[in-house]
Amino acid sequence: MSPITRFILVSLVFHLLYTASIFDIYFTSPVVHPSRRFSPEDSFIEADKFRRTVEAPAERLVLIVGDGLRADTLFKHHDMSYMPSWAAEDVATKGRISVDTALAPIKSWTGKPNAQIKAETFDAAPYLRNVIEKRGAWGISHTRVPTESRPGHVALIAGMYEDVSAVTKGWKLNPVSFDSLLNQSSHAFSFGSPDILPMFATGATPGKVDMQSYAEEEEDFTSDATNLDIWVLDRLRDLLTSAKTNSTLADQLRAPKTVFFLHLLGLDTTGHTYRPRSAEYVGNLMIVDTIVAETERMLTEFYGSEEAKKTAYVFSADHGMSHKGNHGDGEPDNTRTPLVAWGSGIRKPREQGRKQHWRVPEMEKDDYYQGWGSLDRFWRTDVEQADITPLMSALIGANMPANSEGRLPLDYLDITKEQAARAMLANALEVLEVYRVKHEQRSERMLRYVPFSQLPSEDGAAPGSSNVETIKAALSKGEYEKVIGHSEKLIKDALEGAAYLQTYDWLMLVAVITIGYAGSMLYGTLFLLRHYVLDVSQSQILKERSPGLPFGRIAVGTILSSLWAKFAYEQSPVTYYLYAGFAAFFWIRLMDERRVFALVWNKAVSYHSEQGQSNPKSTVLLSISIRVVLGLAALELMVVGYLNRLAWTAGFIYLGLIWPAAGMIADVKSRHELLLILWFFCCGFCSLFTAGSVEKEESIPYLIASGLLFLLAGAVIIRWSGTFMEVSKDGNDQEAEAQARTHVTRTKRVLTVQLVVLIVSALVTASSSASLQAKKGLPRLNQIVAWAVLFLCLTFPFVTGLKGKGVAQPPSQRLMIVIFAFAPVFVLLSLRDETLFFGCYTMTLIIWAKLEAGLYEERLYQRNAVANESGRALEKEDVRIAICFLFFLHVGFFGTGNIASISSFYLSPVYRLIPIFSPFLMAALLILKIMVPFIVLASVFQMLCLTPPHTKRTSGKHIRKTGYDLAGPPLFGSESVGGLGLRDAYSLVLLACIFTDVLALNFLLTVQTKGSWLEIGQSITHFAMSNLLQVFILALSALADVVVGRGGKVVLGTKRE
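In our numbering, the protein residues as written are 175 to 1231.
Note that these hints are calculated values from the structure, not bench results.
Take the hints with a grain of salt, since some may be wrong.
[What the hints assert, rightly or not] Derived pair list, reagent style DSSO-like, types lysine-lysine, alpha-carbon separation capped at 27 Å:
| no. | residue 1 | residue 2 |
| --- | --- | --- |
| 1 | K484 | K382 |
| 2 | K268 | K250 |
| 3 | K656 | K666 |
| 4 | K870 | K949 |
| 5 | K949 | K281 |
| 6 | K591 | K666 |
| 7 | K483 | K308 |
| 8 | K591 | K483 |
| 9 | K522 | K250 |
| 10 | K483 | K522 |
| 11 | K250 | K308 |
| 12 | K591 | K651 |
Based on the sequences and whatever the hints tell you, model everything.
Pasting the structure below:
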C-alpha cells in the first residue's frame, strides 16, 4: 500500500469517527427505562394512603394534530386572495362554509369565484377561533429541531425530545424504545398516516392502541391532499357507528382515560406542494377546521350532551412550515405551532392583562404576529412542545409517560388548587425518576463521581428524597401554592441534573477531540512536507532513525495507557478508546518525525540565503506568519459564511477586486488584462447569487432563458470547434493526430446530442410545471420523458464521450462533456435561477483555473526555471490555491441554498419526476442537483493541477499589449495557458483537507445545547458538514480522476523556491 493511500484511509476513518464525537460530547441518548410511573395518586403521603383517589378533570381526551400547520396561518385574518374558489360561494351567501362543501371529495381549486365577497379578510379557522374567544385556552407551542413529523409527534405524545441517534435507524417507523400517553391510557384509538401511527402502537401494551391508516400510495403530492383528512373523519364516524351495535367497543369508548388521536396529514402535503402562502394551504386549514367541528359534534352525539361534557380537546401541530414549503431545520416558521385546548378541565378565555405587555413589542418587531385581530385581546400561554404531554396526562389522570421532560402548563387547566398541586407533584416525580436512574447508572461505574449539586444523596437515600418529603408535607397541610412552587423548582433541578449527567464527560472528551484535531492537522502537514516538498535525498535522511525506542512513543504511550485504564474502569463506550487512540497515533508520528519540519525550515532558509537576503530566517518566519494569518482569516470568513451568506459575497469582492489590485505586480496585471477583467466580472456575478435571498418563486421564463444561454454556448463551441478543441499538427505521428481528431468528432457528437436533450428538458419542464400549477397532476408522458432525460444525461455522455484508445482524450474536452451532460439535469431540477448560477459558477471556475495557471507560468518565467518531467513540489503560493478551492466548494452549495440544512433547497422541482411521497428517492434527486457544481469544480481543479505549464511563455515569449487590444494569452487554443503541472492533484486536495479541520474545530467548540432551537440545530449541522468535508473532497477528487483523467504529460521546472 502506497503512503498516500495509507494516509487517506487513516484520514477517512479518523473523520468518520470524529463526526460521531459530537453525540458523545453533547447529545448522548436521553432514553432510560424507569420502572415506576407517576400519577396524581402518587402525591399522597403514607398516612393518607386510604385517600389515594384523585378525580380526573376529564374522562376522555381527543388529540387532533394538523401536520405541518403554521401558528400564524391558524390565528390570523387572511386576505381574500387566499380564499379558495370552492369556498367563495358559501362565504358570500351564508357567511360561512357548509359542512357538505368542505367535506366534498372533489373541489374546484382553480378559477375565479362566481360570488362576490365584500369583506377584505376572512378567518380560515372560524370554529377554532370561536373556541379561543368563548370556550378555551390558546398559545404557541415551540418545537425543537429537527422539525420533522416523527420527532414532533414523539414530543407531543411522549413528552420526549427524541434520541438524536434515532436518525440512523431508518426514516419512517424508527421504533425507538419510549413510553407514550397512548400507552398509559385505558385504550387509544388512532387514525391517520401510516408513517406516524405505528410508532405509538409498536412497543405499546398489546391490544391497547388501535390504529387505522390509509395506504402509503395515497400520499400523492399532486392530488388533493384534503381527502386524506376527510378519510380520517370518516373512519372516526365508522368507529362510533360500530359502537352502537358492538357492546365491547362501546364499553371501551366509555371507559375513563380513553384517548382519540386524529392525525391530519393534508396540510403538510399541501404545504410541500403549494407552500403555506397559497389558497390551497389556507383552504386545507378551512377543511381541518370543519373536521374539528364535526369531530366534536359526532362525539357529543355519541356520548350525549351531559357525558360529552367530560371530554377534553387538544389541537396542535407537530411542526410548522417555511415559506418555501419545507421544514426540518430550526427556522422560527418551522418551530412555532398552534395550541388550542377546550372542554372538560380547560379554563375559559380571559382578557389579556398587563402581565402580557410583552406582546406589543413582539408584534412590532415580528410581522408573524400581526393581523391576528380579536385574538390580541385574549390571554395567550406559550409552551414548549413537550409540555403538552403532561397537560394531556393531567386532564385524564393518567400516569406521566416515562422520559417525559415536559412541564405541566397549569395556566391551561380549570381545576382546584389541590388538583393542580398533586398534578404538578406527579410531573416532578416523573422527571426526578429519570434523573435518579441516570444518577445510579453513573455513580456505579465512575472513578470519581461528582453528583449534581442541587440534588444530593443524603444518608444513602435517593437523590431528591428530602425535596419530595418537604413537598408532600406541605401538601398534607394544604399549602398548595408552596407545593406548586417547590414542584416546579424540583422539575427544573431534575432537568438540569439530567442534562449535567448527559454531558458529564464533556471537558475530558472535548480536550481529547481537540488534541486529536490538532494532531490531524499537524500530521497532514508533515505528510505533505515529506512527500511533496522534500526531495529524494532529504527523504533518505529521515529513514536513518536513532536506535532505541523513540521518545514520542514513550511519552504519548504512557498518557494513552492511563486514559484507557480510566475508560476500562468506568465501562466507557468503545468510541472513547478510539478517540484517544487516534489522537495518540498522530502525536506519536509527529514526535517521531519532527525532523521533517527542521529539514523544510532549513531548505527555505537556504533558498532565501541564496537569493542574497541579509536575514533569511526573519524573512522565512515573516512569510510563514503572513500566510498563516491570512489563511486563518480566510477560513474564519468561511466559518462566518455558515451563518451569514454575505460572507461569501465578501470573499468574491476580495478575490475579484482586492487580490488583483494589492496582490499582483503591475507587469503581471498588464500581461493578463483579459483574464483579470473576465475574472472581475465573473466574481461580481457570482457574488449576486450569494447576496440574494434563498426565498424563491418558480419561474419558467428564467429556466428557459438559462437553458438558451447553455444552448448558445454549446452551439458556439461546436461551430468554432477548431478554437476550443484544436488538434496539434504533428507530422511525425499521424496515427496520434488521427486519434485526436476522432476525440474531437466524438466530443462534438456528444455535445450535439446533449443540446437536443437540453431543449427537450426545457420543454418538458415548462409543460410539467404548467400542469402542476393548474392542479392537473403530473402527466404520465411528461414523467416518462423527464426520467428518460435524466437517464440519458447520466449515461450517454460518459459512456460515449469519454471512451477511446491510444492517445488520451484532452481534459478540456472531457470537461466540456461533463458540463453539458449536467446542464439538462439542472434545468429539470431547478426552480428559478439555479441553472443561471450553474453557468456563472462554471465560467468563474474556468477563468480561475486559467488565472492561477497564468500566475504560475509568470513565476516560472521570473525564476528562469528549467523544465523537466518529474513533477514539481508544492510551493507557498499553493496555500492560496487550496483555500480558493475550499472557498469555491462552499460557494457551490451557498450559491442557491443555505448550509443550515438540505431543507433550504426547494422540493417542488422534484415533483416533475416523482409526485408520490418517497423520501429516499426525493432526497437522492435533490442531492444529485446539489452535487453537480461540486463535480464540475473537482474536474476543473483536476485539470488545473495536472496540465503542464505552457513552455513558450515560461521561456519569455509573452503576449504583450498592442494598441487598444487587451493583453494576455487567449483563453483557448494552442497559445492558451497550461496548468500547475503537479505530480498529482492529491497534494493540493490534501492541503485543502487539512484546512477543513480548522472549520470542524471551530464548530466543535461552538455547539449549542441551549438557546433557540435554530441555534442548536444549526450548530449540529455545521459541525457534521464541516467534519465530513474531507471525506467529500477526497471522493470528489477520486471521481474527477476517473472523469477528467490524469491530464497528460507533465513538464515542470526543477528550480524550486
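Now for the hints, and whether the structure bears them out:
Restraint check for K484 and K382: the C-alpha separation of about 21 Å stays at or below 27 Å, so the hint holds. Taken as a hint, the K268 and K250 pair is honoured in the structure, with Cα atoms around 21 Å apart against an allowance of 27 Å. Our distance criterion of 27 Å between C-alpha atoms is met by K656 and K666, whose separation comes to about 15 Å. For a cut-off of 27 Å, the pair hint linking K870 to K949 stands: about 20 Å separates their Cα positions.
Note on K949 and K281: the hinted pairing holds, with a Cα-Cα distance of about 11 Å set against a maximum of 27 Å. For the proposed pair K591 and K666, the alpha carbon gap of about 21 Å is at most 27 Å, so the pair holds. Among the hinted pairs, K483 with K308 is consistent with the structure: their alpha-carbon atoms are about 15 Å apart, no more than 27 Å. Straight-line distance between C-alpha atoms of K591 and K483 comes to about 21 Å, which keeps the hinted pair within the 27 Å bound.
A C-alpha spacing of about 21 Å is found between K522 and K250, which places the hinted pair at or below 27 Å, so the restraint holds. Of the supplied pair hints, the one linking K483 and K522 holds, its CA atoms being roughly 14 Å apart against a limit of 27 Å. In summary, the hint linking K250 to K308 is supported, as the alpha carbons are separated by about 17 Å, within the 27 Å threshold. Straight-line distance between C-alpha atoms of K591 and K651 comes to about 13 Å, which keeps the hinted pair within the 27 Å bound.
The earlier numbered hints are all upheld by this structure, with none contradicted.
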